[in-house]
Amino acid sequence: MLDGVPQYLASGLVVGGIYALIGLGFVVVFSVTRIVNFAQGEFVMLGALLTVTLQARRLGAPAAFVLAVAAVAAVGAVLERLAVRPLRGAPGLTVLILTIGAAIAIRGAGLVVWGTDPFAVAAFSDGPPLRVGGAVVARQGLWVLGVAGAVFAGLWWFFTRTYAGAAVRACAINPRAARLMGIRVDRVFLLAFALSGALGATAGAVVAPITYATYDMGLMLGLKGFVAAVLGGLVSPPGAIAGGFLLGVVEALAAGLVSSAYKDAVAFVVLIALCLAQATGRLPWRVPATE
Amino acid sequence: MVHVLALTLAALALLWTAGAALAQAPYRVGAIFSITGPGSSLGIPERDTALMLEAEINGRGGIKGPDGQLHPLKLVIYDDASDETRAVLAAKKLIDEDGVTAIVGTTLSGTSLAILDTVQRAGIPTISCAAAAKIVEPAAERKWVFKTPQSDALIVGALVDHLRARGVTRVGWLNVDYAFGQLGWIEFEKAAKKAGLTVVANEKFGQKDVDVTPQLVRVKGAGPEAVVVWSIPPSASIATKNFADLGLKVPLFQSHGVGNRRFIELAGAAANGVTFPAGKLLVAEQLPDDDPQKAVLLAYAREFESRYGPRNTFGGHAWDAVQLVVRALEKAGPDRAGVRAAIEGTRNFVGITGVFDFSPTDHNGLDRRAVTMIQVVDGQWRLAR
Amino acid sequence: MHAAGRRAAVLLAVLVVVAALPAVVSSRYVLSTLVFTALHALAALGLSLVMGFAGQVSLGQAAFFAIGAYVSGVLTASHGWNGWAALAVAAGAGAATAAAVGGPIFRLSGPLLAMATLGFGIIVYYVLVNWTGVTGGPSGLGGIPPLAVGSVRLDSDAAMVRLAWGALLLALWLAGNVVDSRVGRALRAVAASEPAAEAAGIDAARMKLGVFAAAGGLTALAGGLYAHYVTFINPSPFGFAYSVELVVMVVLGGVTRLWGAVLGAAAVVALVEVLRAALPALTASHGAAEYEIVVFGAILMAFVIFLPGGLGAARSRA
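Protein chains in written order, with the numbering used here: chain A, 3 to 293; chain B, 34 to 418; chain C, 110 to 427.
Hints are computed from structural coordinates only; laboratory data are not their basis. Treat the hints with care, since some could be wrong.
What the hints assert, rightly or not - Per the computed footprint, the stretches of chain C lying under chain A, defined by three or more beta-carbons under 8 Å from a beta-carbon of chain A, are:
| # | stretch |
| --- | --- |
| 1 | 172 to 182 |
| 2 | 235 to 241 |
| 3 | 266 to 275 |
| 4 | 376 to 384 |
Said to hold, decoys possible - Here are some, though not all, of the chain B residues that point toward chain C, as calculated from beta-carbon distances under 7 Å:
| # | residue |
| --- | --- |
| 5 | E89 |
| 6 | D100 |
| 7 | L103 |
| 8 | L122 |
| 9 | K126 |
| 10 | A212 |
| 11 | D324 |
| 12 | E363 |
| 13 | G366 |
| 14 | D368 |
Yeah, the Cβ is synthetic: ideal placement off N, Cα and C, and Gly gets one too.
Can you build the whole structure from these sequences, using the hints too?
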């Protein structure tokens with residue numbers, strides 16, 4: 003049984019990369035706006051299905067990818083402007099329901115536009131799966147890790163080397179102080195939602211060749227991404243990334259070593275145990291504090 | 034000129050009102066399908082087929098009732114969203130508000146089982162399009178309920194016979210953790226034991242899992258001579274791709290859940306070689322000409338494909354159910370007890386799923402002839418030898 | 110005293126109306142929607158206590174509904190227990206599970222706690238799916254006997270309307286009494302500010318745990334009644350989506366008002382049924398079912414934007 007471990011690790015890392023990408027979307031929005039954006043999973047779905055449609059229109063894969071990401075970023079921006087803005091100052095629970103409503107509406111729109119059938123998406127590159135140290139990895143799996151890595155690097159550069167990124171971080175730390183420093187907080191909110199849309203769409207586009215694109219793929223993926231984000235305290239991008247990979251690997255190991263039937267349950271038990279151990283100070287690292 | 038026009042219009046108006054006066058009260062039939070939710074890939078072709086039949090029948094003028102008059106067919110279709118509570122509410126609505134004579138549906142086993150109590154209590158004949166044998170067994174407690182899909186026992190039996198004929202003794206099994214998968218496992222475990230097959234591995238995966246590789250690795254480690262995956266797309270396609278990527282060399286068998294063009298489209302080249310038991314619809318053209326179902330199958334396939342897309346065994350279950358109700362209405366009119374008796378008395382009805390012979394003790398009415406083995410060759414369905 | 114007296118009067122009046130309703134309304138469909146509304150409201154009532162008074166979002170409340178349904182169902186269907194005894198044990202099981210789980214996870218806070226409740230819901234779901242020997246697995250458990258008073262089986266929609274609403278109104282009365290009592294004031298203090306409450310000598314942790322346990326019991330009771338009404342249960346209605354639906358009901362109705370749970374449940378049930386009836390007519394086609402989801406979501410968003418305090422708040426403003 004243990005000789006399957008390299009395979010479990012490989013599968014877990016690929017899946018974890020997807021969770022990390024989605025988790026980042028949650029973190030970007032929450033750290034700036036203190037809102038849990040339930041619609042994050044649906045951004046993933048939109049990214050995947052838009053890629054399908056754009057590819058069918060004979061756009062090359064890279065162009066389709068870029069357009070899909072841009073389109074979903076726009077959807078995120080529209081959501082912020084039309085729905086989140088009017089509710090500025092409302093209690094967090096109310097806004098949560100709003101994002102739940104948005105998630106349902108987007109899923110419903112996906113059903114109307116694309117129907118219930120799953121769609122196949124061409125992998126970014128053709129070829130047989132690769133053998134890496136006793137494990138088999140589909141080419142698209144490597145693309146997932148590669149794209150995820152590029153996104154992480156890009157975000158790091160954005161947050162640390164650009165004014166806009168610094169503004170976002172300032173709002174995350176203290177919106178009032180940021181406003182006093184002349185930062186347009188409402189613009190940053192918009193940017194946060196647009197960015198989370200782009201992140202979700204990227205995840206969707208890169209994972210669709212593996213999982214196929216369906217109108218209801220958002221719920222489960224969003225849930226896992228949320229868990230990844232929470233493991234990072236919902237405010238820490240590196241925490242979300244680590245959380246995503248952790249969740250993916252724990253899931254795969256649970257399926258392979260413990261029981262495939264209970265794999266999701268086992269993953270959650272492990273995660274909750276980790277959180278508890280962290281909260282009672284038995285772990286060497288701290289999850290960044292949330293207010 | 035104007036006079037001629039006016040006269041023609043008047044004549045037409047007269048004919049139309051006369052026709053309207055002659056139009057009889059419609060025969061109302063209810064339907065509950067899973068048009069949204071996890072069951073939607075089954076429910077939508079069922080709904081489309083039902084609508085197709087309604088248009089076809091009304092195009093001929095309607096159903097000729099026992100009173101000798103033609104009655105239009107009125108279908109009232111509700112979506113249960115693959116949810117048990119909504120199915121119960123939909124059933125009650127059809128019975129009380131819409132006053133239907135019979136109900137076709139539901140799509141999924143869970144929802145069919147959930148409405149059993151309601152339809153039995155209300156005394157309304159119901160023909161389910163779901164697979165679980167429990168829906169119509171024990172027959173003594175299922176007076177009002179029938180079903181058209183083959184039972185899992187029948188389907189699994191055909192697969193086990195096929196495996197045995199191929200000399201397979203060690204089988205690795207995976208099923209989706211939805212009811213469909215679990216029911217398949219229950220039957221397979223029983224049948225394998227009886228046939229002397231050893232199940233060397235038994236794994237589960239979720240409907241929404243993006244990767245089934247860990248489970249497949251466990252199965253591979255047990256050294257099977259054949260692997261069976263019991264699920265529906267998309268997870269069935271994901272499992273198939275993972276299977277091919279892992280380079281497993283043993284034959285892969287699946288369930289009738291993959292009898293769907295989508296499965297091949299999604300799994301791509303990995304689907305080739307997959308063998309599974311199913312009804313004859315997918316290979317209708319390859320059947321011998323003396324097969325009693327061939328003509329009916331071809332007609333349905335042609336009609337459905339011209340309107341909606343690739344043919345689909347689930348749509349076939351709905352076709353059978355609606356036709357059975359229509360025939361019962363012809364015999365008994367809009368009387369719930371009469372329709373029930375008529376359905377129960379149906380003998381030798383050539384349908385899409387099979388040839389039906391109902392009886393008071395058998396509300397499914399099918400035997401092994403309703404199942405055949407199909408293999409995917411070069412992206413096409415082929416009758417397996 | 111006045112408030113308590115008024116509350117009792119209102120509840121009694123509603124009870125009388127509901128009890129008389131089946132004599133006037135014969136449609137099983139309408140009665141059935143009322144039954145489900147009461148059951149959802151009872152389940153949501155538990156959650157609204159947690160959210161309004163313990164100040165916590167529970168994303169796994171459906172698990173208690175499932176526990177109630179399965180405990181009562183299994184005891185009666187597989188072991189021949191008396192329905193009322195099974196129901197009591199089911200409610201107790203819900204409360205006990207909540208108490209057991211609440212202890213450790215309340216040490217977490219904020220989003221981590223929310224995730225823990227979510228995880229709990231998922232764990233329970235998977236246990237139900239896989240413990241096939243007891244629960245029947247995904248294909249469910251049937252043949253659950255309806256409740257009975259003596260030899261009279263409560264298996265008609267009319268009878269269940271009275272029973273479900275009776276249970277709901279009783280729960281509302283009890284919850285109202287607690288809210289108005291010293292315990293209730295202590296709870297509200299905890300909800301307003303935990304540190305301040307602790308400073309005033311209130312054991313916040315024990316209060317929150319108590320609320321969580323009571324909520325678990327109420328939701329489990331609703332689940333048990335559901336099992337005896339539909340007489341067939343399987344895991345699929347008790348998943349994460351139902352937990353989300355309960356949260357929506359509580360917030361729609363207004364988190365801080367007990368009646369909010371009832372209003373929210375009624376709103377959600379009514380919305381779904383109205384859409385089911387209206388959409389085919391509006392779109393003049395059979396293909397309307399696909400639109401139900403997007404319209405539901407849009408209406409939900411509109412509700413929240415224009416009635417941010419929830420329906421309860423709207424009523425009190427009017």
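Against the structure, the hints come out as follows:
Chain A is given as covering the stretch 172 to 182 of chain C, and this is violated because 0 residues of the stretch bring a CB closer than 8 Å to a CB of that chain, at least three being needed. Only residues whose beta carbon comes within less than 8 Å of a beta carbon in chain A count, and the stretch 235 to 241 of chain C has 4; three or more means the coverage holds. With 0 residues having a beta carbon nearer than 8 Å to a beta carbon of chain A, the stretch 266 to 275 of chain C misses the requirement of three or more and the stated coverage is violated. As drawn, the stretch 376 to 384 of chain C meets chain A at 0 residues by the rule of a beta-carbon pair under 8 Å; below three, the given contact is violated.
Hint on B/E89 is violated. Least Cβ distance to chain C is approximately 15 Å, over the 7 Å limit. Because the beta carbon of B/D100 sits about 28 Å from the nearest beta carbon in chain C, more than 7 Å, this interface hint is broken. Interface restraint check for B/L103: the shortest CB-CB distance to chain C comes to about 22 Å, outside 7 Å, so the restraint is violated. Proximity of B/L122 to chain C holds as hinted, the smallest CB-CB distance being about 6 Å (cut-off 7 Å).
The restraint placing B/K126 at the interface with chain C holds, with a minimum CB-CB distance near 4 Å, inside the 7 Å limit. Checking B/A212 against chain C: minimum C-beta separation of about 4 Å stays under 7 Å; hint holds. The interface hint given for B/D324 is violated, since its Cβ lies 33 Å from the closest Cβ of chain C, which is over the 7 Å cut-off. Here the hint on B/E363 is broken, as its CB sits about 23 Å from the closest CB of chain C, past 7 Å.
Hint status for B/G366: violated, given a least beta-carbon distance of 24 Å to chain C, over 7 Å. The interface hint given for B/D368 is violated, since its Cβ lies 20 Å from the closest Cβ of chain C, which is over the 7 Å cut-off.
Against the hints set out earlier in the document, violations occur for numbers 1, 3, 4, 5, 6, 7, 11, 12, 13 and 14.
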